[in-house]
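Participant: Line by line, the protein sequences give chains A and B. For reference, each letter of the first sequence is one residue, going 519 to 794 in this note's numbering. For reference, each letter of the second sequence is one residue, going 519 to 794 in this note's numbering.
I should point out that these hints are in silico values taken from the structure, not numbers from a laboratory. Worth double-checking, as some hints may not be accurate.
In this list, chains with the same sequence are indistinguishable; a pair is considered to hold if it fits within one copy or across any two.
When the alpha-carbon atoms are kept at most 30 Å apart in a straight line, the in silico BS3-like pairs for lysine-lysine are as follows [to be verified]:
1) K784 - K761
2) K570 - K638
3) K570 - K624
4) K570 - K596
5) K713 - K570
6) K726 - K570
7) K761 - K570
8) K596 - K615
9) K551 - K596
10) K551 - K791
If you're wondering where the values come from, they're calculated on a predicted model, not measured in any experiment.
Number of protein chains: 2
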Amino acid sequence: MVNGRLQNSLPVSDRGLQYGDGVWETLLISSGKSILLDEHLERLNWGCRVLKILGLDEKILRQEIAFLTQDISHCILKIIITRGSGGRGYSAQGLNKPTRLLALHKLPENIENYRHNGIKIQYCHTQLTHNSLLAGFKHLNRLEQVLARSELVNDCQEGLVSDIQGNIIEGTMSNVFLILGQQIITPSLEQCGIKGIMRAYIISLLAKENIDVIERCVSMQDIDNANGIFFTNSVIGLWFVVKLNERYFEYKKGSFVFTVINNLQKKIRLLEKKSN
Amino acid sequence: MVNGRLQNSLPVSDRGLQYGDGVWETLLISSGKSILLDEHLERLNWGCRVLKILGLDEKILRQEIAFLTQDISHCILKIIITRGSGGRGYSAQGLNKPTRLLALHKLPENIENYRHNGIKIQYCHTQLTHNSLLAGFKHLNRLEQVLARSELVNDCQEGLVSDIQGNIIEGTMSNVFLILGQQIITPSLEQCGIKGIMRAYIISLLAKENIDVIERCVSMQDIDNANGIFFTNSVIGLWFVVKLNERYFEYKKGSFVFTVINNLQKKIRLLEKKSN
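Take these sequences, add in the hints, and give me the full structure.
Facilitator: Now the structure itself:
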């Protein structure tokens, strides 16, 4: 759907194509509900503010989302907002009609399998550059993620991506958490990386149980010392790591890592099922 | 023109839109010729190699350029090559049908005016991040340029953009050269910035006159010390700076700065007129 019309194409002059001049969100539609919709739209608006994309009518966007997903039980909804069509050249002067794109996608078949059995991961060589202005939200300049993703070997489902200083930042498509003893740690994302909606949700879930997630610089040494690692995003929910390169992780029933991951997965499932 | 068809739209699923996953070139069509076409296509191919965009047929691309510009005397040709349409997600696996987009645009009316009378410029606050892998060629992740361009106040035609270390790198849409005494200097572009086709052409023109252009780090101090500054790209050719903030630059007939700029402009004009 493009600006409320059911179509699959958009003008070549759209600045989303010309310059990656836009923002996007990927939501899970589950049991007929758009999961954490408010949070996704909040991040979308944050990105529009930073990029000074003017004129987004959130009310219309919400109506279009409701219309498009009305008969849908389970799927992925991708929302893209671009600055709209402009002339040639970088100047955005006078542009105040952003393009709204909504697209539905099938859920990957193996999400449940990986939730249950865990995933294998690797390190990626592609490094994330620092840009505090563009960090956190999902803009359309995603070549670093495309390059990092292209590194994954066949039996790996995700990869650890570092910044230019060698600190671990995130997965290629997800956020990462480490369990170190009784502590849960996730990389701080002030200079690069995406502040995931599921990441924030998990931090809030743990806070309710009086478990503070520590946001700090994460080194490869921290990864080596971790008892457990898990990745999160709005579609996969939570995937725990069973293998990183040649190292295996164990999640013994009753252990802290097992309990944390098990509880979080239950609560994510609850989120996906409850009416909201 | 999209993949050889005369159309103005492309699929929403195109990765150029989804991730900025592509490269582009802007050429001048002058006196019916595509100026420095080989050099532009060389940079386009360089970008495709870095991004591992497979399957671009340069022969077909050249045919399409020739077809589209056959009856055109003067205009701008924009070429975009994207990785093509893919599924949701960053993975580019199996994609080997890039999208070829060609679009003609009118030449801005004031190019000649600014060539003759010079331009006013300013500093931009937007900083360019370092990424040696993505530096040099024109990929579609251009938010930094969009943000830098948005800073230009009304009477400025171009702005000086620095990197995260505070070194001057380029203009928002062009490369920059400084004349410091009898030396001509241009920023080295190993970590960020675009290696302009006109930049390289000007370096080669000067080399023929035994004037070596020094590529090195350029500081704001260098800008303060410069006797003359000029910007170059494939469309504008060469614009010299008459005013930076409150400082005026003089180009007295017979001076080194005047002679260099005058000679270069003559040769650019020759390039634009000669049959090639």
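Participant: Of the numbered hints stated previously, which ones are contradicted by the structure, given in increasing order?
Facilitator: 6
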